[in-house]
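Number of protein chains: 2
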Amino acid sequence: MSQLAVDQNEAPEGARELLLHTASTIMREGDIVDISLSELSLRSGLNSALVKYYFGNKAGLMKALLDRDMQGIVHAVDALMSKEWDPEARLRHHIGKMVETYYETPYLNRLLMRLVRESDPEEAHRIADSYLSPLSRAYDRLIKDGVKQGVFRKVDPQLFYFTATGACDRFFSSRLVLKHCYDTEALTAELRDRYREHCIDFIMAGILAHN
Amino acid sequence: MSQLAVDQNEAPEGARELLLHTASTIMREGDIVDISLSELSLRSGLNSALVKYYFGNKAGLMKALLDRDMQGIVHAVDALMSKEWDPEARLRHHIGKMVETYYETPYLNRLLMRLVRESDPEEAHRIADSYLSPLSRAYDRLIKDGVKQGVFRKVDPQLFYFTATGACDRFFSSRLVLKHCYDTEALTAELRDRYREHCIDFIMAGILAHN
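Top line first, the protein sequences correspond to chains A and B. Its first residue numbered 1, the first sequence is counted upward by one per residue in the UniProt record's numbering. Its first residue numbered 1, the second sequence is counted upward by one per residue in the UniProt record's numbering.
Hint data in this document are derived by calculation from the structure and do not stem from the laboratory. A hint or two may mislead.
As the list claims (entries may be wrong) - Think about it this way: if two alpha-carbon atoms lie no more than 25 Å apart in a straight line, the pair counts; the simulated DSS-like pairs of lysine-lysine are:
| id | chain 1 | residue 1 | chain 2 | residue 2 |
| --- | --- | --- | --- | --- |
| 1 | B | LYS144 | A | LYS179 |
| 2 | B | LYS154 | B | LYS144 |
| 3 | B | LYS63 | A | LYS179 |
If you're wondering where the values come from, they're calculated on a predicted model, not measured in any experiment.
Here chain A stands alone, though its shape is the one from the complex (with noise of 0.2 Å):
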């Protein structure tokens, strides 16, 4: 295969998926939001002139990276939304889901953070629309139907937006503080599995009306 040029012919099947893939696994391991092409490379086993065929440069790989994960979210959220669940069996099950996507990607707030801020005007609307703005309009009925319903204290959906997530998010995008301080090593199924419990019982006591 050619350094310089591929063509589809000469493009593995599932080369796409397994760079991003990769890309991924990269990040999530050395806790950072960047990549050296010649270690996706030499990781995935292909030729590095494929993220210029499928991706164009990094910054587009970082970019299908962003969309993968971030469709998935807004995909989840908008099946839960479409159950027939009350508010609070909802919240309880995104919660939960929250903690689960952060240890497999906690990478991904900065990297959104990181893309939102260095796109340009129209790049960073397309995020924000296709993204962020769909999760915000879920937490909003969410939250509303909850407090209508009288389960939920009165809460600002988009303020409890922050906190929640910064809550769940914490502890995988701050594991330096884990290993540093504790010699603890975050990325576990069995920390990911205590801190969801946490977080399920912290945020669910923190908003559930206490009649």
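Fit chain B to the given chain A structure using the hints.
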């Protein structure tokens, strides 16, 4: 003043503090965790050779800024823990102060993680021992006191440290979300006050025992 070197007699009084203050302002306004020395010189009105004189280089300036900001927090938490307050009053006060701190220095957690990540092991340990461990011990004592007195629900102090700080920080570290979804600037005193009340209300509801 020479562009190349500065001796003590040429360094204006308060220049070190002004450089740190200006660097902090630039990162706060720009929502970034980096500065250009030429912008620092322009905004402070000081010769950028003073950076070399006081801090060695830009990395040294960043380290001094982290020290300035984190020492302030550790002193404030020490003072809080030496007061004869009950755990509920202490935590309520601490949450409010935490939101105010992230409003003033929204870059702080990212700067901390960046310097821990980029430092050699010895310096990473110094940061952890000087700032992270004292805060972790204070949380441990504060939460355990409250649980023992039956004021707080049985919460893991270590996990609570992440949920509470993550909740208080998110609004200011993710202010691009506000900007692009709601056309709102997060760094206003009015929004700071609303978010502070929200965080106090939400976190206290999440941890107080409801007998």
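Structure-based check of each hint:
1. LYS144/B to LYS179/A: Satisfied, since the Cα-Cα distance of roughly 23 Å is no more than 25 Å.
2. LYS154/B to LYS144/B: holds (8 Å)
3. LYS63/B to LYS179/A: holds (20 Å)
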